[in-house]
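Those letters in the sequence shown? Residues 0 to 71, by numbering that gives the first Met the number 0.
Heads up, a few of these hints could be off.
The calculated lysine-lysine pairs, modelled on DSS-like cross-linking and capped at a C-alpha distance of 25 Å, are [said to hold, decoys possible]:
#	residue 1	residue 2
1	K27	K37
2	K27	K61
3	K41	K27
4	K26	K37
5	K37	K61
No lab work stands behind these hints: they were computed from the structure. What you are looking at is a predicted structure, and each value in this text was computed from that prediction instead of being measured.
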Amino acid sequence: MKNYQYYSHANQSSNVVGFRISDSELKKLSETKDTLVKLGIKGTTSDTLRVILNSFNLESWKQQTQQSFAKS
């Protein structure tokens, strides 16, 4: 199995972020981690969050959010 941290170049300078999450958010995170394991990517919860952040399309999110607020 591949370890995502190796491929994310996590050895670069980084910052530590910590926060509380709800049970539903934890469930989504666990499901995401399980999916990555099934794809052959193992790692920690931090690695799972890195995958999410690296695949997140910020521009698309901005457009959807602006459209949502414009409709309100």
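To see whether the hints hold, each was checked on the structure:
1. Of the supplied pair hints, the one linking K27 and K37 holds, its CA atoms being roughly 15 Å apart against a limit of 25 Å.
2. For the given pair, K27 sits about 22 Å from K61 by alpha-carbon distance, which is consistent with the 25 Å threshold.
3. For a cut-off of 25 Å, the pair hint linking K41 to K27 stands: about 17 Å separates their Cα positions.
4. Note on K26 and K37: the hinted pairing holds, with a Cα-Cα distance of about 16 Å set against a maximum of 25 Å.
5. A threshold of 25 Å between alpha carbons decides the hint, and for K37 with K61 the separation of about 31 Å lies outside it, so the pair is violated.
The earlier numbered hint that this structure contradicts is number 5, and it is the only one.
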